[in-house]
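Engineer: Listed below, chain by chain, are the residues.
Number of protein chains: 2
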Amino acid sequence: MKKSAYDQYIPHLSIDCVIFGYENKELKVLISNYRLGGGSWSLPGGYIKKTESVDAAASRVLKHRTGLEDIYLEQFRIFGDENRIVNSPNNAHLSNELRKLDSDRYSEEVIEWITGRFVCVGYYALVDISKVQTQPGEFDDYLEWCSINHIPAMMHDHREIITYALEALRERLDKKLIGFKLLPETFTIKEVQQLYETVYEKSFPINNFQKKMMDLNVLEKLHKKYTGASNTAPYLYKFKKESVA
Amino acid sequence: MKKSAYDQYIPHLSIDCVIFGYENKELKVLISNYRLGGGSWSLPGGYIKKTESVDAAASRVLKHRTGLEDIYLEQFRIFGDENRIVNSPNNAHLSNELRKLDSDRYSEEVIEWITGRFVCVGYYALVDISKVQTQPGEFDDYLEWCSINHIPAMMHDHREIITYALEALRERLDKKLIGFKLLPETFTIKEVQQLYETVYEKSFPINNFQKKMMDLNVLEKLHKKYTGASNTAPYLYKFKKESVA
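The listed protein sequences derive, respectively, from chains A and B.
No gaps in the numbering here: position 34 of the first sequence is 34 in full-length UniProt numbering, and each next residue is one more.
No gaps in the numbering here: position 144 of the second sequence is 144 in full-length UniProt numbering, and each next residue is one more.
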């Protein structure tokens, strides 16, 4: 970030992204190790340019961190507590650490910017994890996919943001058929069911689930997926593009 | 607003409230006539003090405009288009009108503040319309209850904000049992049904609706409401407080 933070961005307003991926029957979230926060974990985030919409800012941040264009994303809540501020007594170490760093890189202005109060707009995004090439942002040391069941201690209210994002995902997964965005292009019905079971943390009767999926008329049947005995090989499907929410 | 706007409030961030009321089988919204906008209509709104949470700011604005404490409110979306700005070419008349006004009341700083870009946090609120005593804010001339079906031309994207709020209300009315907040303390089942039919713009079979309401086990039966023949008088109910969402 150059010295022109206040010229370039809307002050006191940030974006945090809960990027969901799905792998090995686990729902995962992309989190960032934040050296300046004493090595604590945080959500990938950023600021909003004065000349771009808040949605465009979220898309820009997501594209930068994942290397993907056209990611499915949705704002789900703002987090506006008055104590969302790094410059609070219990975060004094962070301001100090920032000041210890190369002053060319982090001017007093940038330190003032970063350590002020931020109202955060929470976005969740759904990606095909196999396509993501993570790239750290300016304040990330590195990014890591972490199972939703093993989230480490997070900065600020970032744990709470993940909880709200998961709630929003559960509400909308069924209604808006966005779950397919977490899967590779082709999949078996069983894989769809496993995804749903993972997100909702419960099991569904296989026949009911299969019938329900078929009744939605959004899947296109492809060829069989041969991995073992051909008589038990399941069909592969893909999501019909025109049915996208 | 005194000259200290930038000291007191978070810049570029505002709140707009879609305050729903229900009267004469109509869903209504409280809107404000905004003299400075050339007499156009807008949603009651305000800014966020640097020392208060965004939710607290919304409560403060709502309390001021309605005279009610403890209003049910919920944030539902932010509106962050880069062209949410009064100081755009097609709003030049507004800046000019502001400048024409008493300069004690509106300093250049305030004019710069008001006419800049704002990211808006949308809240919807549900009130018992019979209890509201409206009070104009600093930039309202007067407030008026307006049927959702006859909303006049609104400033900026305020019409769109109402549309999103109505969508959020419909989504949550059933799930969170918040509809009772639009009714007086006691009501008949038929009145509840009329409310639901008004919000969803469709009719429900009376027996199904009644059974569904009773099955929820959130209503307390009181005495009969005698207005005509006593043999057909319906029972009055009230919402059990402990069931509030």
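Hints are computed from structural coordinates only; laboratory data are not their basis.
Since the model is a prediction, treat every value here as computed from it, not as a measurement.
One should not assume that every hint holds.
[Claimed, not checked] Keeping only pairs whose Cα atoms sit at most 30 Å apart, straight-line, the calculated DSSO-like set for lysine-lysine is:
1) Lys50/B - Lys202/A
2) Lys212/B - Lys212/A
3) Lys212/B - Lys50/A
4) Lys50/B - Lys211/A
[Unchecked claim] With beta-carbon atoms standing in for the labels, derived distance ranges:
5) Lys240/A - Glu109/B: 36 to 42 Å
6) Asn208/A - Tyr164/B: 31 to 37 Å
7) Asn24/B - Lys211/A: 27 to 33 Å
The C-beta atom is built at its ideal place from N, Cα and C for all residues, glycine as well.
Engineer: For which of the previously enumerated hints does the structure constitute a violation, in increasing order of number?
Structural biologist: 1, 3, 4, 5 and 7
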